[in-house]
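Undergrad: Position chain D relative to chain S; hints supplied.
Those sequence lines, one after another, are chains S and D. Just so you know, numbering that gives the first Met the number 0 puts 25 at position 26 of the first sequence, and the rest follows in order with no gaps. Just so you know, numbering that gives the first Met the number 0 puts 518 at position 519 of the second sequence, and the rest follows in order with no gaps.
Hints may be right or wrong, so weigh each one.
Computed cross-link-like contacts, DSS-like style, restricted to lysine-lysine with a CA-CA straight-line distance of at most 27 Å [as the list claims (entries may be wrong)]:
#1 K143(S) x K170(D)
#2 K103(S) x K170(D)
#3 K117(S) x K143(S)
One side of the interface only, derived from the structure: several residues of chain D facing chain S at Cβ under 10 Å [what the hints assert, rightly or not]:
#4 Q269
#5 K301
#6 F329
#7 I354
#8 V381
#9 H464
#10 L466
#11 Y476
#12 L487
#13 Q572
#14 P573
#15 G576
Each pair of labels, with its calculated beta carbon distance range [claimed, not checked]:
#16 A121(S) x G69(D): 57 to 67 Å
#17 H485(D) x F30(S): 28 to 38 Å
#18 Y24(S) x F517(D): 18 to 28 Å
#19 P259(D) x K212(S): 32 to 42 Å
#20 E260(D) x F118(S): 14 to 24 Å
Calculated from the structure, these hints are not laboratory results. Even glycine gets a Cβ: it sits at the ideal position worked out from N, Cα and C.
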Amino acid sequence: MMSWLPENVSTFGGEIDSLFYLIYYITGAVFILVTVLMILFLVLYRHREGRRATYSHGNTALEITWTVIPAVILLVLSFMSVSSWGRIKAHAPPADFQVQVTAKQFNWEIVYPGPDGKFGTADDFQIDNDLHVPVNKVVHVHLKSKDVIHSFFLPNLRLKQDAVPGRDILVWFEATKPGKYELPCAELCGFGHSGMRGWLYVDTPEESEKWVKENWPQQ
Amino acid sequence: MSDSVAVVATHAVPAHHEELGFWRTYVFSTDHKMIGRQFLFLGFFMLVLGGLMAMMIRWELAWPETAVPGLRWLPEPYAYEGIIPPQTYNMLFTIHATLMIFFVVMPIMVGCFGNFLIPLMIGARDMAFPTLNMLSFWVGLLAGLVMLAGFFVPGGHAAAGWTAYAPLSAKAAYTGVNWGQNLWIISLLILGVSSLMGSINYITTIVNMRAPGMSYFRMPLIIWSLFITAVLLLLALPVLTAALAMLLFDRALGTSFFLPEGGGEPLLWQHLFWFFGHPEVYVLVLPAMGATSDILSTFSRKPVFGYHAMAFSMIAIAFLSWIVWGHHMFVSGMNPLMGTAFMMSTMVIAIPSAIKTFNWLGTLWRGSIRFTSPMLFALGFVSNFLIGGLSGIFMASTPVDIFIHDTYYIVAHFHYVVAGIIFALFASVYYWFPKMFGRMMNEPLAKIHFVLTYIFFNATFFPMHILGVGGHMRRIYNPTQYDFLHPLQPINVFITVSALLLGLSQITFVTNFFWSLFGGKKAERNPWKANTLEWAAPSPPPHGNFDALPVVYRGPYEYSSPEVEEDYLPQNQPLVGQSSVARPH
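The shape of chain S in the complex, shown without the other chains (with noise of 0.2 Å):
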């Protein structure tokens, strides 16, 4: 079942798909073995004449048993999960390259600070669904948006985050690979939710710069 994921080209995404296997071989072993219990335990007890099932309320050893061990095994997943979840969500490492995106009914707004480095001024670069950004460097993506809630969802880099009206959430990753990777909404944002989506282009540094001089205001 897990081939079925997405190429990884985010540096945390390799993170989160190991948390996802651990847990799906953790799963997948109980759910073999209650289930080969069940039917071992539906064959062997099935009704026969002149057997009698035998009167029994209950086991405390084996209740506690299987109280402990799956409290156990949680506890466990739970404090590998915050471990990688304070490095993806809580320690945002310094950018290297910043875009403003703003999400509206059907599209992603993107903005680029333009030659000068900041947002708000008049070489700004404003285009619609295509995020351009270099490989290997740190992007800050600051996710806001304009009606309702969307959803920043890139599947490649294991990254999703609601964009919230209201608010400026600030999104990182960090692309290991150059390529064009979609980036579609992942929340219910009306008629026309399905088929909002825009690109986001993984450059190599000579992509880059061909994309910043075609398209960015020069100084």
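TA: Coordinates of chain D only, in the frame set by chain S:
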């Protein structure tokens, strides 16, 4: 709660009653059993509607923007020559979920079985407040009519999802839906009144009207589950009611509780909604767990494994359900620290669910298992709940949830839990049908129903996990609009074919139900040789239920007890020299 002798029912109900006319017997009835049946038929009707909507949704996902067979009669703008436009698609999944949650599972599992079973299983003649009970049904029906009316107003029905996230739901301009969304809100406000009346009645009845000897810890687990459900409803619904009223004010009166331009906060809606919404999940699933426990014990001919652990784990689930709502909001923009806290509480709530699953296995262990249709469906519920419970652990882990949030992984998960309740629902219908209607259902047909439903349920919902792992978003109208979803499209087609077959398989149930209603074999009092009190009453029980009020001597699961020769020992059957006082456990 103590193990003391239960309170004796204090209010007198005449054992002989005057004959009531047609209207008082079948329509404006105050008899808990008739009200239970009314809720059952309301739920079935809505199940058909909600199911048909699911079929339309699935058609669109498999063969986007093609005409749905048989829908050419649908007027514009709902459909164009049978082709469903995006706006209608959004209405369909919004109302599909709303109907299934509020007008199918709640009326049947809580409304029908709560009403029918509580007095019968605790040994009372009726509910504490019979008139309030009747009102609860009629107000619920009114809510259902208001909900359906939403399809007949200009602009169409609510299209903001069953979660109605603001601001999408808070301003008509964002969806183009005006009165449809308003009626959706008003319907749920009315339904809240119905559920409150029901829950007050359930709680009062269970606390005050248990038969002599029926201590709390001699109650069947389904009664425990309904009791806890009623408490959850009583405490959760006011929060939804408040949130819905605020949303209606935002829409109609120009307040800005959820609109940032007026100083409001969109995330406030999510906090309020999920503060209700997560306990609501347990409102839906606890009665299913209770029924499953009872049915597994009866047909394993063995006491429930760890009865006290089962009751306490349900209580634990109920309490924990108040502090896990934030796991719906990990990527909402909520402070990541809160994400951590909610992940911890969510991991904790998995423990009592695990206990229940293992105890169900323990109940089967060294039993003498009868594969009747209720038993097969109860086993089906356990097997699906296992998958639904385990897949929940993925989304509890905050980093993993970043990826799978709002994908089909979530759709797969909650259908395994919530749509999986249909297995407990069918188990309950097959199990209590003889008591409810005085006739047996056709067993071979019921088994065919089980096999088909089990296969096609899993063929429908399991592949949704794969879609989710592939990144397939929820609530999209046309997956082929996305390049990265192209390789997944054959899975969508497979799911749709399975879903259509799952829908068709239900014909076996409808046929069986209605045929058995009139032509089934007459049921004896206790066809399953079960222990609980409802089987001591005639089938179907008359007004007032019992010939003489039962006295309870023991717990509900004394199967294969060494004290008697038969493999069951009803709760109300005295043994020589036994008093009804509960023994300490």
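Undergrad: Each hint should be assessed against the structure and marked as holding or not.
TA: Going through the hints against the structure:
1. Taking the CA atoms of K143(S) and K170(D), the gap is near 19 Å; set against the 27 Å cutoff, the hint holds.
2. For the proposed pair K103(S) and K170(D), the alpha carbon gap of about 15 Å is at most 27 Å, so the pair holds.
3. Of the pairs offered as hints, the one joining K117(S) and K143(S) holds, with about 17 Å between alpha carbons and a cut-off of 27 Å not exceeded.
4. Of the supplied interface hints, the one on Q269(D) holds, with its beta-carbon coming within about 9 Å of a beta-carbon of chain S, less than 10 Å.
5. For K301(D), the interface hint holds, the least distance from its beta-carbon to any beta-carbon of chain S being 4 Å, beneath 10 Å.
6. Interface hint at F329(D): satisfied, since its Cβ lies 9 Å from the closest Cβ of chain S, which is below the 10 Å cut-off.
7. Among the interface hints, the one on I354(D) holds; its C-beta lies about 6 Å from the nearest C-beta in chain S, closer than the 10 Å criterion.
8. A distance limit of 10 Å between C-beta atoms decides the matter here; for V381(D) the minimum to chain S is near 7 Å, and the interface restraint holds.
9. Residue-level restraint check for H464(D) holds (minimum Cβ-Cβ distance to chain S is 6 Å; threshold 10 Å).
10. Annotation: L466(D) was flagged as interfacial toward chain S, and the flag holds, the nearest CB pair being 8 Å apart, inside 10 Å.
11. A cut of 10 Å between beta carbons decides the hint on Y476(D): the least distance to chain S is about 4 Å, and the hint holds.
12. The interface hint given for L487(D) holds, since its Cβ lies 8 Å from the closest Cβ of chain S, which is under the 10 Å cut-off.
13. For Q572(D), the interface hint is violated, since its Cβ never comes within 10 Å of a Cβ in chain S; the closest pair sits about 16 Å apart.
14. Hint on P573(D) is violated. Least Cβ distance to chain S is approximately 19 Å, over the 10 Å limit.
15. About 20 Å separates the beta-carbon of G576(D) from the nearest beta-carbon of chain S, more than 10 Å, and the hint is not met.
16. Between A121(S) and G69(D) the Cβ separation comes to about 59 Å, which falls inside the hinted range of 57 to 67 Å.
17. As the Cβ distance of H485(D) to F30(S) is approximately 30 Å, the hint placing it in 28 to 38 Å holds.
18. The given range of 18 to 28 Å is broken by Y24(S) and F517(D), whose C-beta atoms sit roughly 53 Å from each other.
19. Against the hinted window of 32 to 42 Å, the Cβ-Cβ separation of P259(D) and K212(S) comes to about 38 Å, which satisfies the hint.
20. At roughly 21 Å, the beta carbons of E260(D) and F118(S) sit within the given window of 14 to 24 Å.
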